[in-house]
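Novice: The primary structure of each chain is shown beneath.
Number of protein chains: 2
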Amino acid sequence: MRNFHVVIGGGGFGGLTAAKRLGKEIRNRKLPCKLTLIDKENHHLFQPLLYQVATAGLAATDIAVPIRSELNRFEQIDVRMETIERIDLEQKILFSSKGSLSYDFLILSLGMRVNYFGHDEWSSFCLGLKTLGDGRLIRNAILNAFEQAEIEKDPKEQQKYLTFVIVGGGPTGVELAGALAELSKKSLKKDFRNIDPKKSRIVLIEAAPRILLPYTERLSMQARRCLEKMGVEIILSRPVEKIEKGKIIFKGGMIEASTILWAAGVCAVQLPGLDVPKEKDGRIKVLEDLTIPGHPEVFVIGDMASLPGVPAVAPAAIQMGKYVAYEITRRIAFQSGLSLDRDVSKPTAFHYLDKGMMTTLGRGKALVQFRNFGFNGFIAWIVWLLIHIITLISFRNRLSVLIQWAWAYLRFQPGARLLSK
Amino acid sequence: MRNFHVVIGGGGFGGLTAAKRLGKEIRNRKLPCKLTLIDKENHHLFQPLLYQVATAGLAATDIAVPIRSELNRFEQIDVRMETIERIDLEQKILFSSKGSLSYDFLILSLGMRVNYFGHDEWSSFCLGLKTLGDGRLIRNAILNAFEQAEIEKDPKEQQKYLTFVIVGGGPTGVELAGALAELSKKSLKKDFRNIDPKKSRIVLIEAAPRILLPYTERLSMQARRCLEKMGVEIILSRPVEKIEKGKIIFKGGMIEASTILWAAGVCAVQLPGLDVPKEKDGRIKVLEDLTIPGHPEVFVIGDMASLPGVPAVAPAAIQMGKYVAYEITRRIAFQSGLSLDRDVSKPTAFHYLDKGMMTTLGRGKALVQFRNFGFNGFIAWIVWLLIHIITLISFRNRLSVLIQWAWAYLRFQPGARLLSK
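Chains as they are written, first to last, in this note's numbering: chain B, 222 to 642; chain D, 222 to 642.
Hints listed in this document are in silico derivations from the structure and should not be mistaken for laboratory results.
The model shown is predicted, which means the values in this text are computed figures rather than measured ones.
A couple of the hints might just be wrong.
For chains that are exact copies, the list does not tell them apart, and a pair is met inside one copy or across any two.
[Unchecked claim] Here are the simulated DSS-like pairs of lysine-lysine, each with C-alpha atoms no more than 27 Å apart in a straight line:
#, residue 1, residue 2
1, K261, K420
2, K410, K251
3, K472, K499
4, K472, K420
5, K472, K374
6, K377, K319
7, K351, K245
8, K261, K463
9, K543, K468
10, K450, K420
11, K411, K319
12, K468, K450
13, K407, K472
14, K420, K466
15, K466, K543
16, K466, K499
17, K543, K313
18, K319, K410
19, K450, K313
20, K255, K543
21, K410, K241
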């Protein structure tokens with residue numbers, strides 16, 4: 222009997238879900254199949270809470286888990302920490318930094334990376350947030366800015382240290398701004414003697430005329446008012462023109478700030494050799510079964526895939542991961558003459574189940590939008606908290622982390638305020 | 222009334238204890254006194270458990286706490302994150318990277334740093350363990366070695382990745398070796414497919430004829446046997462001659478290893494301008510009241526101080542911190558005409574209360590020595606665990622961390638196995 226090899230590129234929500242599902246199917250149905258997951262990092266990241274690591278609310282270990290320990294119960298799964306470099310679609314080979322892998326089925330789930338819209342030189346002065354390393358860099362930058370302000374004698378320089386600019390008013394920018402406002406105005410309020418962290422200036426700059434574009438205008442306006450009440454300055458309709466060290470220039474103005482954070486754009490990770498139709502932001506236009514044209518053995522899932530009506534969010538990646546795992550199981554079973562409990566002869570299309578979206582602004586403050594129905598405030602925050610706690614528990618299986626986190630979170634005393642190289 | 226300024230250099234066990242005690246005395250007795258603590262890091266480190274961060278058993282946030290949050294309840298205490306550069310003993314001024322501070326009393330508690338015995342060039346190939354950053358570097362090196370071994374095809378190179386050499390058989394070296402043996406032989410045993418982490422080679426090299434010199438010969442021998450049973454190779458009486466990238470040369474032999482850890486020596490941090498009698502390892506010979514000759518206003522405490530009969534351990538630093546806090550309170554009260562509950566006219570000498578020493582070898586295995594009485598095994602480990610849990614709780618005040626830690630620890634499933642830049 223032919224032995225299949227499934228390769229998964231990327232251990233994010235899409236890739237890890239697909240790996241777990243396929244691992245189970247291989248074990249339970251005794252499919253003649255081996256699976257290899259490649260990722261450049263050794264951990265899966267719970268990205269929706271990464272802004273908390275960046276703002277010292279959570280430790281890196283609270284929101285990341287080694288990919289190996291998530292998958293070590295599946296003997297047929299091999300995990301390799303490598304960088305994927307190139308693909309040969311015709312030969313069905315994936316080339317990595319250390320070698321190459323032949324595949325029968327390939328699942329690409331490489332996600333997005335920070336995109337400075339062609340201004341990569343800005344990356345030195347303006348930190349983006351995508352990896353755990355980014356989160357740590359931003360946390361160090363923020364905490365260091367307060368420390369430098371405390372010992373700085375020149376009031377002008379001091380003000381620069383106490384100014385934080387966030388570029389981009391999407392969910393990431395909004396969550397960073399809210400968490401930064403709470404950090405400076407609540408958590409740190411008693412910590413300094415020469416400066417008053419409450420007086421820090423937190424500015425959110427957005428090129429569009431309103432923040433949180435994916436939400437309804439009403440919710441977006443409520444979020445804006447809420448952030449302003451928390452002390453965040455919001456500048457709208459101002460595209461950024463230039464970023465230098467400690468200075469940001471936008472249409473009609475300029476701000477000096479030692480900490481500038483970039484939450485304005487991401488683009489799909491590019492893989493040389495993957496010459497298929499793409500969106501402007503690099504996402505790959507997939508067919509309705511998430512494969513690419515002419516290659517029914519290559520699936521693209523998660524943020525990297527573009528399919529009408531499916532947003533680039535974690536729940537979509539998870540649903541796609543489950544779908545491709547089932548689809549590949551179906552095909553391998555069919556080709557191996559194994560029977561499945563369901564009728565496996567007909568191909569299926571991926572259907573996205575919209576679970577709505579939510580963004581948190583701060584403690585007790587969040588927005589929830591489910592199709593055309595949206596609400597904000599404390600109830601929205603409770604919904605946000607419960608959903609994240611439940612997802613994080615199933616993901617980490619460590620209740621104690623959550624207890625600890627909830628405790629620190631509610632007391633405004635985050636435990637992760639460590640500056641370290 | 223004259224206002225006093227006490228400056229503390231260093232936020233380790235000695236400095237932080239002194240700051241907390243003095244903070245309380247200033248507040249309760251209304252002493253006319255301000256206090257400034259300077260440290261180059263923003264956190265206090267629970268050093269006795271740093272080897273756990275280095276071997277992925279604990280997260281950085283579990284064993285470190287921001288100095289500011291430990292001291293923010295004392296309004297008279299100012300914390301500055303700066304590097305101390307030089308001292309002028311005559312003018313009573315401490316110079317730092319950002320300015321200078323005049324003091325009436327100075328407490329120096331700068332601790333030790335890794336010492337390569339004049340071979341600073343070894344530091345690039347051989348990691349020392351003193352700061353939280355060091356702990357993270359070592360953890361990344363260890364985890365990365367396993368990842369590289371997993372994808373390496375050349376068996377010789379693979380063996381190099383799976384060889385870990387620890388130089389120095391003192392408590393740090395022994396704890397690192399034991400934790401590394403458990404990590405590779407227990408925690409990681411199911412994680413890989415191409416390598417067997419159980420077959421990693423863990424070598425402890427010591428120049429002296431036995432490990433753990435401060436302990437009795439009997440305990441040292443028992444520790445050696447215990448480590449060997451855990452799979453650690455112990456090489457005695459072999460001084461290191463040269464360390465290169467991936468290679469260590471010692472008297473009579475050579476080992477190729479991609480990970481070489483240095484636990485063979487430390488020396489006291491040196492402060493330009495502090496021209497006083499010192500030991501060979503740079504520790505300052507203090508008088509019986511912990512001051513330096515000719516300068517009754519300058520105290521040196523913790524690992525940086527050398528006093529006959531007092532070892533360089535955390536309990537000694539804590540006792541010294543309490544002593545100088547009381548001594549300075551006494552002097553300020555006396556000079557300000559305030560009365561104290563005790564007779565304050567007579568100077569006192571520092572007395573060290575020996576609380577014994579202990580070293581852990583692994584789960585359920587430790588050594589305890591109290592003066593001439595020593596024991597090892599499970600009871601010793603329970604004593605070690607209780608003392609560390611109690612100290613860590615009082616230090617962190619966060620029971621949940623301990624619950625989480627104990628749980629992960631007992632299951633051999635440490636949660637901190639994250640590789641990150």
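Novice: Up to 27 Å between alpha-carbons, please classify K450 paired with K420: within, between, both or neither.
Specialist: within (14 Å within a copy, 59 Å between copies)
Novice: Please work out whether the CA atoms of K411 and K319 approach to 27 Å or closer within one copy, between two copies, in both situations, or in neither?
Specialist: between (51 Å within a copy, 23 Å between copies)
Novice: First find the shortest C-alpha distance between K543 and K468 inside one copy, then the shortest across copies, and answer within, between, both or neither for a cut-off of 27 Å.
Specialist: neither (45 Å within a copy, 47 Å between copies)
Novice: Please work out whether the CA atoms of K472 and K374 approach to 27 Å or closer within one copy, between two copies, in both situations, or in neither?
Specialist: Neither: 31 Å inside a chain and 55 Å across chains, both beyond 27 Å.
Novice: Please sort K351 with K245 into within, between, both or neither, judging by C-alpha distance up to 27 Å.
Specialist: neither (29 Å within a copy, 44 Å between copies)
Novice: Check K255 against K543 for me: Cα-Cα at most 27 Å, and say if that holds within a copy, between copies, both or neither.
Specialist: Cα proximity of K255 and K543: one copy only (17 Å, versus 62 Å across).
Novice: Checking K410 and K241: alpha-carbon separation at most 27 Å within a copy, between copies, both or neither?
Specialist: For K410 and K241, only the inter-copy Cα distance (19 Å) is at most 27 Å; the intra-copy one is 44 Å.
Novice: Under a CA distance limit of 27 Å, which applies to K319 and K410: within one copy, between copies, both, or neither?
Specialist: Between copies only: 23 Å across, 49 Å inside.
Novice: For K410 and K251, with the copy left unspecified, which applies at a CA distance of at most 27 Å: within, between, both, or neither?
Specialist: Answer is between: at 24 Å across copies they meet the 27 Å cutoff, but 59 Å inside does not.
Novice: Regarding K377 and K319, is the shortest C-alpha distance of 27 Å or less found within a copy, between copies, in both, or in neither?
Specialist: between (51 Å within a copy, 16 Å between copies)
Novice: Classify it for me, K472 with K420: is the Cα-Cα distance of at most 27 Å met within a copy, between copies, both or neither?
Specialist: Close inside one copy (25 Å), not across copies (62 Å); limit 27 Å.
Novice: Reference check for the pair K468 and K450, CA-CA at most 27 Å: within, between, both, or neither?
Specialist: Only inside one copy: K468 and K450 sit 25 Å apart there, 60 Å across copies, limit 27 Å.
Hints 3, 5, 7, 8, 9, 13, 15, 16 and 19, counting from the list given before, are not met by this structure.
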